[in-house]
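Colleague: This is what each chain is made of:
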Amino acid sequence: MVPADQNNPGNRHSHHDSPGAGETGEPGPEKIIRIEHVSKVFSTNQTIIAVDDVSFEVYTGEIFGLLGPNGAGKSTLIRILTTLMKPTSGTAFVDSHEVTKEPEKVRSIIGVCPQNSTLDLELTAYDNLDFYGRLYDIDEKTLDARIWELLDMAGLRGRADAKAGTLSGGMRRKLEIVRAFLHHPLILFLDEPTIGLDPESRREVWKQISMLNTEQTTIILTTHYMDEAEKLCDRLAFMDGGRLISLDTPDNLKRAMPRGDLIEIGYETLNDDVLPAIRAHPQVSAVEVQDRKVLISAHQGSSILPVILDDFEQFSISVTTVSIRSPSLEDVFIYLTGKKLDQADATSQKKRPGVR
Amino acid sequence: MLRGAIAIFRRDFKKFLSNPFVMFITLAMPIMYLVIFGNAIGGSITGIPLGVVQEDPYIDYTPLFSEGLAALQAYHQPDKPAQFEVTVFSSEGIAQQALNDGTILAYVVFPSDIAPDRPVRLYVDSSEYTVPALIQAGVASVLVRLGAQNTLYIDNIYGTIDYMQFFGVGVIVLAIFMTTMMGGGIALIRDRELGIIEGYLVTPVKRSSIILGMIGSGTVRAFLAGFIIFIVDILIAGVIVRGLDSFLLVVVVLFMTSIGVTSLVVAVSSRFSNQQEYASTIAFFSLLLFMTSGAFYPVIGMPSWLRWITVINPEAYAVHALRSIILRAQGINVIGTDLIALLVFSAGAIMLGIITYRRTLE
Chain S
1 MVPADQNNPG NRHSHHDSPG AGETGEPGPE KIIRIEHVSK VFSTNQTIIA
51 VDDVSFEVYT GEIFGLLGPN GAGKSTLIRI LTTLMKPTSG TAFVDSHEVT
101 KEPEKVRSII GVCPQNSTLD LELTAYDNLD FYGRLYDIDE KTLDARIWEL
151 LDMAGLRGRA DAKAGTLSGG MRRKLEIVRA FLHHPLILFL DEPTIGLDPE
201 SRREVWKQIS MLNTEQTTII LTTHYMDEAE KLCDRLAFMD GGRLISLDTP
251 DNLKRAMPRG DLIEIGYETL NDDVLPAIRA HPQVSAVEVQ DRKVLISAHQ
301 GSSILPVILD DFEQFSISVT TVSIRSPSLE DVFIYLTGKK LDQADATSQK
351 KRPGVR
Chain R
1001 MLRGAIAIFR RDFKKFLSNP FVMFITLAMP IMYLVIFGNA IGGSITGIPL
1051 GVVQEDPYID YTPLFSEGLA ALQAYHQPDK PAQFEVTVFS SEGIAQQALN
1101 DGTILAYVVF PSDIAPDRPV RLYVDSSEYT VPALIQAGVA SVLVRLGAQN
1151 TLYIDNIYGT IDYMQFFGVG VIVLAIFMTT MMGGGIALIR DRELGIIEGY
1201 LVTPVKRSSI ILGMIGSGTV RAFLAGFIIF IVDILIAGVI VRGLDSFLLV
1251 VVVLFMTSIG VTSLVVAVSS RFSNQQEYAS TIAFFSLLLF MTSGAFYPVI
1301 GMPSWLRWIT VINPEAYAVH ALRSIILRAQ GINVIGTDLI ALLVFSAGAI
1351 MLGIITYRRT LE
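Chain order of the listed sequences is S and R. Residue numbers for the first sequence follow this note's numbering, beginning at 1 and rising by one. Residue numbers for the second sequence follow this note's numbering, beginning at 1001 and rising by one.
Everything labelled a hint here was simulated from the structure, so no lab data went into it. Don't be surprised by glycine CBs; every beta carbon is placed ideally from N, CA and C. Treat each hint with caution, since some may be false.
[Stated by the list, open to error] Result set (DSS-like, lysine-lysine): computed pairs, CA atoms no more than 25 Å apart in a straight line:
1. K31(S) - K101(S)
2. K163(S) - K105(S)
3. K1206(R) - K141(S)
4. K207(S) - K231(S)
5. K141(S) - K31(S)
6. K86(S) - K1080(R)
7. K231(S) - K254(S)
8. K1014(R) - K101(S)
9. K31(S) - K231(S)
10. K1206(R) - K105(S)
11. K101(S) - K86(S)
12. K163(S) - K86(S)
[As the list claims (entries may be wrong)] Here chain R is said to cover these stretches of chain S; the calculated rule only asks that three of the stretch's residues, wherever they fall, bring their Cβ under 8 Å from a Cβ of chain R:
13. 71-83
14. 162-174
[Stated by the list, open to error] Derived CB-CB ranges, DEER-like:
15. E1277(R) - R34(S): 38 to 48 Å
16. D152(S) - S1246(R): 50 to 60 Å
17. K1206(R) - S43(S): 26 to 36 Å
18. S1217(R) - M153(S): 29 to 39 Å
19. N45(S) - T1360(R): 12 to 22 Å
20. E30(S) - K1206(R): 49 to 59 Å
21. F1284(R) - D152(S): 27 to 37 Å
22. R34(S) - R1359(R): 20 to 30 Å
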C-alpha cells in the first residue's frame, strides 16, 4: 500500500519538507471527505477488484484530482462517494454523513457530473436545467433566475431553447457541469470533465471549473490528462489497478522524483571517456546514450548543465543540440507505476475497432 | 459481400443466443396463443349457469317441468360435459334478480298446471357474445326432444346487441393496454440503458417520486387513449350511453383501469435494465391479461384453470365494469366490486414498483 507519509494531511503549501507533519496533532485544514479502507469487488462473471483498500481525505475548498489510466478505479470510487454504489468493505464520509447510511443527506449536498453524458437530448438546454432544479427541490421563485444565471455562466443563453441533442460536445459538457451546480452544492464531483473535447473547449471547461471553485465549493475531478491535473488541481491522488499509488500536490510529486530533470545533449561523434566524467558529478543520477544523444538525469539540472557542457568541450565533442526539461506528471506516473498513462487507453481502443 | 453478410449474421445470432430470456418469451408467446385460442375460442362453451322456474300459481311440478329440468341438466354436445349448470328457482322474481346480478346468464319459465299450453319463456342476458345463441339453441332442442307443443318465447333482456357493440367495449380496454405496452415504463429503462439515470440518481429525488411520476404520466396517456376510443365507440360502433351518470361512471372506470394497468407495467419496469427483455415480458403479460379479460370472448368459455387468471386480472374487472355500465345499464351497486378490485390492484402494484426500484447502479 501507499506509504503513510505520502498521504500527508498537512497544509498543502508547506508540508514537503516535513512529511507526516499533519499527524502530529496540529489542526489541519477542514476535511470534507474521509475515505477509510474502501474496497469494491465486482463478481458477475469473473471477480474484479475495482477499488482496493483506498484511504484518503479531501479538504474543504480544494480542487482534488484523481488521476490514473482507464480502469484504475476512479469512476467506481466516485460512484461510491455519490451513493450510486455500495463499497464491498470500508467506509466513506461526505461532510460527516456515512454514504451508505445517510445517502439522502449526501445527495442533497453534492453535485455530480458523470463521465458519460446524462443530459436528456430530447429536452432543451433550459428544460434540462429546469428538470434538475425540481429534482433538487429548488424554490420555484428563484429557479428561473438561477437557470439563466447558469446558462450565462456556460455561455449558452442564446441556445436556451435548443434541444440538448443539437449542442456541440463542448456545450453539452458545460451545460452538464453547471447543472451539477444548480443547488450550490458543497462538493462538486466531475468525472472526466473534458474527455473527448477539442483543446478550445477544454480550456473553457477549465475556466468554468476554476470559477466554480472560487465559490468555496470543493471540487473532486477525475482525469487521465496530466496537463488538466497540473493546471487545475491543488492536490492529486494517483490511482492504478484500484490502488492509491501516491497523493500530494503536483509540485511535491514532481520534486519527489529521485532522478530530477532530464538533460538531452546531441553530438556528432562521441568519446566514451566523457561518460564517467559526467557520472562523477554528485547531482547526476543516470546517464544513457541513445540515438546520437546523451540522456542525463540530474537534480537541479539547470545549474549543472554548464558544468556538463564543459565536460563535453574538454573531450572535444562537438555538441549539436541541448535540451533540458523538468519531469512532468507523466514522468512521475511512469516512475511510480512503470507504465504510461494512456497505455490502458491504447489497449481499450484495440478492443473496439471502428472507434478512432 | 458474403463475408459481410455472414459477419452481420454471426453478430446478430450471438446476441440472440446470449439472451435466453428473450428466446424463452419468444416461444412462450405462441404457446400461450395455442392454449388460449385453442382451448377457449375453438372449444365449446359448457357449464353455462341457467335458471329454471315454474310459473305461478305453483301447485306441484308439472311433468313438463320435471322432464325439462332433467333434459336441460343432461343436455350436452357429443363427448363434452353438460352444457348447462342448472339452478331451480322458487319464483320468477328471484330468478330475475339473479339474472340482473349476473349470477345466471338466462332462465327458463315453464307454464303451470292450470295453463299448461302457455308458451315456455326464456329470458337471456344478451350482453354476452355467442352465449345467448347457445342457450337458445339448447333450450329449443330440449323442447323438441320432449315433444312439447308449447311455443318458445325469447326475451333478450338487454335488447339485441351486435358483436360490434360487444367488442367495442373490449376495445376501450385494448386501447389502454396498447398505450401501456408501448409507453409504460420504457422511459425508465431507456434512461438506465443510456446512462441518463446516473444523472438523477445522485439528486435527492426519492424513488417513490420517480415511480409515482412515471405512473402519473402513463396513467394520463392511457386514460386519454381509452377515452378517445370510448368516444369513437359511441360515434362509430353504435355503443349507447344512457345518461350523464353512466358517462361519468365510464370515466371513473377508465381512470381506475389506467392506473391499475400502468402501475403494473411500471412496477415490472423498475427491475429491468434491458429494453428488449422488458418489452417482450410486457408484451407477454399484456397479451395474457387482455386475452383472458373477456374483452372479445366470454370468460365462461375458458377452461377453468385459465379462469383463475381473471380473478387477478385488472383488465377483466375493467371489461366487466364497462359492459355492466354500457351494455346492461347497471350502476355502482354492480360495479362496486370491480372498482374495489382495481383499487386494491393499483395500490399493490404501486407499492411493488416503489419497493423493487433500484436506487443505485448495481
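Colleague: Confirm or reject each hint.
Modeller: Hints and how they fare:
no., hint, result
1, K31(S) - K101(S), "holds (19 Å)"
2, K163(S) - K105(S), "violated (32 Å)"
3, K1206(R) - K141(S), "holds (22 Å)"
4, K207(S) - K231(S), "holds (10 Å)"
5, K141(S) - K31(S), "violated (34 Å)"
6, K86(S) - K1080(R), "violated (61 Å)"
7, K231(S) - K254(S), "holds (14 Å)"
8, K1014(R) - K101(S), "violated (42 Å)"
9, K31(S) - K231(S), "holds (23 Å)"
10, K1206(R) - K105(S), "holds (12 Å)"
11, K101(S) - K86(S), "holds (10 Å)"
12, K163(S) - K86(S), "violated (34 Å)"
13, 71-83, "holds (count 3)"
14, 162-174, "violated (count 0)"
15, E1277(R) - R34(S): 38 to 48 Å, "holds (40 Å)"
16, D152(S) - S1246(R): 50 to 60 Å, "holds (57 Å)"
17, K1206(R) - S43(S): 26 to 36 Å, "holds (30 Å)"
18, S1217(R) - M153(S): 29 to 39 Å, "holds (31 Å)"
19, N45(S) - T1360(R): 12 to 22 Å, "holds (20 Å)"
20, E30(S) - K1206(R): 49 to 59 Å, "violated (30 Å)"
21, F1284(R) - D152(S): 27 to 37 Å, "violated (51 Å)"
22, R34(S) - R1359(R): 20 to 30 Å, "holds (23 Å)"
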